[in-house]
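J.: Residue numbering for the sequence shown follows our numbering, beginning at 5 and increasing consecutively.
One should not assume that every hint holds.
Said to hold, decoys possible - Pairs of lysine to any residue residues, derived as SDA-like cross-links and limited to a Cα-Cα distance of at most 25 Å, are as follows:
#  : residue 1 : residue 2
1  : Lys59     : Leu78
2  : Lys66     : Leu91
3  : Lys67     : Val48
4  : Lys8      : Glu83
5  : Lys12     : Val23
6  : Lys8      : Leu54
7  : Lys12     : Lys39
8  : Lys22     : Leu91
9  : Lys8      : Tyr81
10 : Lys7      : Thr53
11 : Lys26     : Val105
12 : Lys8      : Leu79
13 : Lys7      : Asn77
14 : Lys22     : Val48
15 : Lys8      : Lys26
16 : Lys8      : Ser65
17 : Lys89     : Asn77
18 : Lys12     : Lys97
19 : Lys8      : Lys66
20 : Lys8      : Gly43
21 : Lys39     : Leu91
22 : Lys7      : Arg82
23 : Lys8      : Lys97
What the hints assert, rightly or not - Simulated DEER-style distance windows between Cβ atoms:
#  : residue 1 : residue 2 : range
24 : Ser65     : Lys89     : 19 to 25 Å
25 : Ser73     : Asn27     : 40 to 46 Å
26 : Glu62     : Arg29     : 22 to 28 Å
27 : Val74     : Ser98     : 35 to 41 Å
28 : Lys26     : Glu108    : 26 to 32 Å
29 : His46     : Leu94     : 17 to 23 Å
30 : Val110    : Lys59     : 16 to 22 Å
31 : Leu63     : Asp16     : 26 to 32 Å
Since the hints were made in silico from the structure, they are not lab data.
In this text, all values refer to a predicted model and were calculated from it rather than measured experimentally.
For each residue, glycine too, the CB sits at the ideal point set by N, CA and C.
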Amino acid sequence: MFKKVSAKRLRDGWQRMKVEPKNVRDYDFSIDVSKVENGELHLVDIPFTLNALNKSIELYSKKEHIGKSVKENLLEYREIRNFTKTLQYLINKSSLTKGIVEIEIVNI
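Work out the full structure: start from the sequences and follow the hints.
T.: The structure is reproduced here in C-alpha cells:
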C-alpha cells in the first residue's frame, strides 16, 4: 500500500508537507495542488492504519498469488468503509472539525 501511495503522489504531483506538533507523533500530509482554489488547500492523508489493513488481509487470505481476489477486494472495501464511518463520526463529534473537514476515498 505504501508503494502505491508513493506512486500516486508522484503521478498526481502531490506536494509533501510535514507537521511536527509537540508531544505527539509527526504527521505527514500531501497537498493536491491541482485542487487548490480560492486559497483552500486539499490535504491528502493515507493513515498508516490502512497499510496494516492491507497486510492483514493478505495474511488472512493466505495470499499466494499476484493481484487481489474477489474475497480480498470485499474485505478491503468493508474495512475501508468501517474506517471511513469511524473517522466521519469523530469529525462530526469535534467542534474543531465539524463542518470543515471532508473525507474522500481515493482509489490508488
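J.: Each hint: holds or not?
T.: Hints, one by one, checked against the model:
1. Simply put, Lys59 and Leu78 have alpha-carbon atoms about 15 Å apart, close enough for the 25 Å limit, and the pair holds.
2. Of the pairs offered as hints, the one joining Lys66 and Leu91 is violated, with about 29 Å between alpha carbons and a cut-off of 25 Å exceeded.
3. A C-alpha spacing of about 29 Å is found between Lys67 and Val48, which places the hinted pair above 25 Å, so the restraint is violated.
4. For the suggested pair Lys8 and Glu83, the alpha carbons sit about 18 Å apart, so the restraint of at most 25 Å is met.
5. Restraint check for Lys12 and Val23: satisfied, since their Cα atoms lie roughly 21 Å apart, inside the 25 Å limit.
6. Taking the CA atoms of Lys8 and Leu54, the gap is about 12 Å. The hint holds against a cut of 25 Å.
7. Straight-line distance between C-alpha atoms of Lys12 and Lys39 comes to about 15 Å, which keeps the hinted pair within the 25 Å bound.
8. Between Lys22 and Leu91 the alpha-carbon distance is near 21 Å, which keeps this suggested pair within the 25 Å criterion.
9. A threshold of 25 Å between alpha carbons decides the hint, and for Lys8 with Tyr81 the separation of about 17 Å falls inside it, so the pair holds.
10. Between Lys7 and Thr53 the CA atoms are separated by roughly 15 Å; this keeps the pair inside 25 Å, and the hint holds.
11. Between Lys26 and Val105, the direct Cα distance comes to roughly 22 Å. Compliance with the 25 Å bound is thereby established for this hinted pair.
12. Among the hinted pairs, Lys8 with Leu79 is consistent with the structure: their alpha-carbon atoms are about 18 Å apart, no more than 25 Å.
13. Of the supplied pair hints, the one linking Lys7 and Asn77 holds, its CA atoms being roughly 18 Å apart against a limit of 25 Å.
14. At roughly 12 Å between alpha-carbon atoms, Lys22 and Val48 fall within 25 Å of each other, so this suggested pair holds.
15. The hinted pair formed by Lys8 and Lys26 fails the criterion: a straight-line CA distance of about 30 Å is larger than 25 Å.
16. Taking the CA atoms of Lys8 and Ser65, the gap is near 20 Å; set against the 25 Å cutoff, the hint holds.
17. Proposed proximity of Lys89 and Asn77 is supported: the alpha carbons are some 18 Å apart, at most 25 Å.
18. With a CA separation close to 31 Å, the supplied pair Lys12 and Lys97 exceeds the 25 Å bound.
19. Our distance criterion of 25 Å between C-alpha atoms is met by Lys8 and Lys66, whose separation comes to about 21 Å.
20. A C-alpha spacing of about 29 Å is found between Lys8 and Gly43, which places the hinted pair above 25 Å, so the restraint is violated.
21. The suggested pairing of Lys39 with Leu91 holds, with an alpha-carbon distance near 22 Å, which does not exceed 25 Å.
22. For the given pair, Lys7 sits about 22 Å from Arg82 by alpha-carbon distance, which is consistent with the 25 Å threshold.
23. Taking the CA atoms of Lys8 and Lys97, the gap is about 31 Å. The hint is violated against a cut of 25 Å.
24. Checking the proposed 19 to 25 Å range against Ser65 and Lys89 shows it holds: the Cβ atoms sit about 23 Å from each other.
25. With their beta carbons about 43 Å apart, Ser73 and Asn27 fall inside the hinted range of 40 to 46 Å.
26. At roughly 25 Å, the beta-carbon separation of Glu62 and Arg29 lies within the given 22 to 28 Å, and the hint holds.
27. Between Val74 and Ser98 the CB atoms are about 37 Å apart, so this pair conforms to the stated range of 35 to 41 Å.
28. Look at Lys26 against Glu108: about 29 Å separates their beta carbons, and that is inside 26 to 32 Å.
29. Remark: the range hint 17 to 23 Å for His46 to Leu94 is upheld by a beta-carbon distance near 20 Å.
30. Look at Val110 against Lys59: about 20 Å separates their beta carbons, and that is inside 16 to 22 Å.
31. Here the CB-CB span from Leu63 to Asp16 is close to 30 Å, well matched to the stated 26 to 32 Å.
Against the hints set out earlier in the document, violations occur for numbers 2, 3, 15, 18, 20, 23.
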